[in-house]
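Hey, can you work out the whole structure from these sequences and the hints?
Protein chains in written order, with the working numbering: chain A, 1 to 339; chain B, 1 to 339; chain C, 1 to 339; chain D, 1 to 339.
Possibly wrong hints are sitting among the right ones.
[Unchecked claim] Pairs of lysine-lysine residues, derived as DSS-like cross-links and limited to a Cα-Cα distance of at most 25 Å, are as follows:
1) C:Lys-196 with B:Lys-94
2) B:Lys-94 with A:Lys-306
3) B:Lys-322 with C:Lys-94
4) A:Lys-94 with D:Lys-322
5) C:Lys-322 with B:Lys-261
6) A:Lys-94 with D:Lys-325
7) B:Lys-196 with A:Lys-196
8) D:Lys-94 with A:Lys-322
9) B:Lys-261 with D:Lys-12
10) C:Lys-94 with C:Lys-325
11) C:Lys-12 with A:Lys-261
12) D:Lys-325 with A:Lys-325
13) A:Lys-325 with D:Lys-94
14) A:Lys-12 with B:Lys-306
15) C:Lys-325 with B:Lys-325
16) A:Lys-325 with D:Lys-261
17) A:Lys-261 with D:Lys-322
18) B:Lys-71 with B:Lys-261
19) B:Lys-94 with C:Lys-325
20) C:Lys-12 with D:Lys-306
21) C:Lys-196 with B:Lys-322
22) C:Lys-261 with A:Lys-12
23) B:Lys-325 with C:Lys-94
24) C:Lys-322 with C:Lys-306
25) D:Lys-12 with A:Lys-322
26) D:Lys-325 with A:Lys-261
27) B:Lys-261 with C:Lys-325
28) D:Lys-196 with C:Lys-196
29) B:Lys-12 with D:Lys-261
No lab work stands behind these hints, which were simulated from the structure alone.
Given next are the chains, with one letter for each unit.
There are 4 protein chains.
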Amino acid sequence: MVVVMQEGAGEKQIQGVIDRLTSLGFDIHRSTGVRHTLLGAVGGDKTGVDPRDLELLDGVHEVIRISTPYKLAGRTFSPQNTIVSVGGVPIGGKNVPLLAGPCSVESEDQMEAIASALAAEGVKLLRGGAFKPRTSPYSFQGLGEAGLKIMRQVADRHGMKVVSEVMDHTEIPMMLNYVDMFQVGARNMQNYILLKELGKVTRPILLKRGPSATIEELLLSAEYILSGGNRDVVLCERGIRTFENYTRNTLDVSAIPVIHKLSHLPIVADPSHGTGLRDKVAPMARASLAAGADGLMIEVHHQPEKALSDGAQALTLPMFQKLMKELRLIAVAVEREVQ
Amino acid sequence: MVVVMQEGAGEKQIQGVIDRLTSLGFDIHRSTGVRHTLLGAVGGDKTGVDPRDLELLDGVHEVIRISTPYKLAGRTFSPQNTIVSVGGVPIGGKNVPLLAGPCSVESEDQMEAIASALAAEGVKLLRGGAFKPRTSPYSFQGLGEAGLKIMRQVADRHGMKVVSEVMDHTEIPMMLNYVDMFQVGARNMQNYILLKELGKVTRPILLKRGPSATIEELLLSAEYILSGGNRDVVLCERGIRTFENYTRNTLDVSAIPVIHKLSHLPIVADPSHGTGLRDKVAPMARASLAAGADGLMIEVHHQPEKALSDGAQALTLPMFQKLMKELRLIAVAVEREVQ
Amino acid sequence: MVVVMQEGAGEKQIQGVIDRLTSLGFDIHRSTGVRHTLLGAVGGDKTGVDPRDLELLDGVHEVIRISTPYKLAGRTFSPQNTIVSVGGVPIGGKNVPLLAGPCSVESEDQMEAIASALAAEGVKLLRGGAFKPRTSPYSFQGLGEAGLKIMRQVADRHGMKVVSEVMDHTEIPMMLNYVDMFQVGARNMQNYILLKELGKVTRPILLKRGPSATIEELLLSAEYILSGGNRDVVLCERGIRTFENYTRNTLDVSAIPVIHKLSHLPIVADPSHGTGLRDKVAPMARASLAAGADGLMIEVHHQPEKALSDGAQALTLPMFQKLMKELRLIAVAVEREVQ
Amino acid sequence: MVVVMQEGAGEKQIQGVIDRLTSLGFDIHRSTGVRHTLLGAVGGDKTGVDPRDLELLDGVHEVIRISTPYKLAGRTFSPQNTIVSVGGVPIGGKNVPLLAGPCSVESEDQMEAIASALAAEGVKLLRGGAFKPRTSPYSFQGLGEAGLKIMRQVADRHGMKVVSEVMDHTEIPMMLNYVDMFQVGARNMQNYILLKELGKVTRPILLKRGPSATIEELLLSAEYILSGGNRDVVLCERGIRTFENYTRNTLDVSAIPVIHKLSHLPIVADPSHGTGLRDKVAPMARASLAAGADGLMIEVHHQPEKALSDGAQALTLPMFQKLMKELRLIAVAVEREVQ
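Shown next as structure tokens:
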């Protein structure tokens, strides 16, 4: 931590701050300049110190945090990229997997129609929602456990793995019977009770960035899971809220290279939620891959016009097949592979 | 709903849209202009229709939703202001109550010191957190039920009512033993499982706006609680996330008059979280009252420099007393009263 | 400046950075911690150094700027509040003046009707636009010099001073014949050519914050004017762009106390542009005064429904009179006066 | 336009609105529903009508604009893509040109070193700033006309075209002697005086999106130029301001496909300003091309650590050469070419 004293701060004020920092276990290095005195505080028990508290001390101008508040999620902890295995399918390696499927599980026929087409394209990770968090209490809320059963059966039939959203910690034991990867939705990114419980599970987690979460907050949420003992966390960029609302959200593509610099965890992009509009999904999927995404989550529906939720952002099967062709070409440019 | 057809849309396309709307139960009124044909769709089962789905129909330029997606929270449902009683203390009437206390319950001594000073100022609603959602897994997480016990005892001693945050639906039954009002934190504003359970409770709810939630989304979250049968919902503006980060959040003061126009529910302002900085709390509390707030939530601590959480945004007791004097003067200008 | 070296940075890397900083004229104070080495750099020619450039040096983790990039606009430069005189009407002192009038000057009859009513309420600063920057090229663009003539005559008749927007530096000499205060519109806040020319003028400037400008950027724009020699700058908060668009902009009321802390310049609020909706203007004007604003800019029109621009955000004369009553009451609470 | 009446609006109110709309030249189509009456208003002189004015009429709930406020910039005006020729180099066709060069022109040696390397990669459009709008009045402000002379000579030597920023309308005549394309910087996007003057010039314009401008506002600014008679406008996405500030701006990659849908004008991406960090430029350049950008603007410097401005976001020559290789591969996937 660096404490910047106000211009003209007196010796008594400076000594007061030094005393406080020392009592917190910091070693102090003092730099006396013409205008400002700086106090470099190294060591100490940083976890319990809120920089704002130090800013309240007499004569302090500003307090600057140096070290990142996350540890296990950071590059320093693990310089090498983490590869997360979802029932044997790796995320974070050379291959860039697709996580595809409908927004909601609606019926076995629907899942079969979609999964068989996806499997034919080499997709190994089947996504689908059984519990749907909906903004309006009057909207379709998902099939629940019945939906998970359908997903499991259909996925098994096609040699696929199941990725589905967990909305509440009480559902975890039940869901362990069906899913290969738990998805934490954007609105639950800071549901710390849920995150803590997922830290105890031996199954990978797909953690979606909240629409107003900074990258640092996303990494801190990952830290909750990692510090519980579960090291298999995949991050997911799915759009942030900005003043521009032609698109539902603004997919923050630059978060991909930023996260690759800050963290060893894989980062997947979700252009379906990131745009909310079907005809923007393919361009943004291509963009995400070109920017270095480790996976792509895409909503696909065989009959989007009849979908019970978010049909407007689902690709049709032919659109998905066309996209796969484009992705395979782009992968070459970034020295990756798309199955 | 109004469907705007593309310029030059053909009769077959127009008829296709009319057929679809009719099948959804809408009555259609067609307006044929020089450039655009408009289809006004009235009646119908609006709840199940996603306007984006209609935008996918052939020849459609844009679909515009007319009616609000919330019902019970809207002014139309109840033209008169709702007054919510918190154990006999009204919110939404002429009197503008203060909800004051520390960020976290730390000890009985702490709560007693703060509550006695607040009670002397006429404050009747005591706030304090027993479960703390913290961004970092390494921060203080609250005393839990022990904290609630302390709050209850201290509040009873001073004739005050208890307002405390519920973080998870499984805690509701336990908390019913201690609290007079459940607070839903900003990060849980769209935790629909929690909202649904609170809809079944016969105790008032303080629902905080999420940092990136629109006013409409806040009202939709209120709708979740109201539609469950609990009509005692108080809204709370506590700052939104913007590009400006000198302050922790930007307190959206204008949300107060906007919500008064759209909804009959009381709206409280929380300038402590809205700014995150002690010296900005009093100006923003005054501003909120002047803009028409029905209550003010203020963090107060007798020793902020020793607070276990968010001390930097807590008022000292003398600062709080000074603020109360200012608020009583401002109340006159808006024909309200502050105790 | 503080340079934070990467964890594990070697002695050679550290020495390289020290050499570079020394060559830039900085004195270096080194703090060697267990994890990080910090280099405090004091003195030096800071103005030419972009911290990002230093971040490119080998082994550097982060570079933190200590001193503010503005000087003349800062509190350190002038601990006492600046009071700006607009033709004898002070802004920044105990009295909080209103700057009121229509969005656009439309005719002498219009200005006379409005100005006479304002003068009767004690308003001394008459605002009105002669050059209108309009988003659409097809909208009314203002009367130009003819409008300024009207304003001047009407203002003189009622003993008022003229505040009007300058859109281009080439208009300054002409406008000097008519206006007592130049307004720089939000979209021109970073029009540096204009700012530089206004720095040479001996007339006060009302500098509006751009809709996406940080407070620091606003102060840097003021610095352009101040460093040119014109010390009579009044800042104006008029709403920032956020994701919430029920209101046109989000009036950042908290900018008022923040700017009072950072700068000695007066800060005025414009709730008319800040909200864009007539019925939100009075609440936000009251809120701004309660938060400490040094002046209030309010759009008023005797016949808003016939206004050529922005009629929707103009107060009617009776609404303005009612607001004045409320403001006089609130002023007491903040130890100010409203005429 | 569609006027939605309040629930329960009376016949007198409805008739009042109809009369007003009729007086504005609209044809009215009335739809009477169970809850709302809708008035579809087609035809009429839309340009002079502010929907907010109609919202003030008695009994009106909401007014919804149907047609876009821009005409010449819209797809309807020109269904086919516009190809803009910059001294013979097309933007908007199959080939995706690079606009590359340093942030600022610093010297002939610098420009020669950079231009010769760029030309060897097939780059035909040389960018460089002679007038630099800087946030701080104490920063390097550019070489002015001397810089333009250098650019022209160096460009001619290598068969390249010159793209440079115009900051003020008074500089246009002088700049016509040197530049092949005028660039309008982000901060000048709504400098309407400048835009109008550029509408009279027979040279192409590169119009950068402001950091807080919506896509619609960008198209309206293009409309200013187009409606003046200059049809050679190229749009440029260069990052918007959001709450995330790890990157300087958030490059809104999705604006590329959105603009392709709404407008016939070419859209270029500027990942250098969009990220502000050298190591993020290549990923975001690849992403922009993959999303369909018609051109890429990249800052390149042979010695970025010595650059007088924005060195931190400039690619080195070897980095640029590597990027070109990647772009050529990605172009195939989107059926484009990069020279």
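Of all the hints given earlier, name the ones this structure violates by number, lowest first.
1, 2, 21, 25
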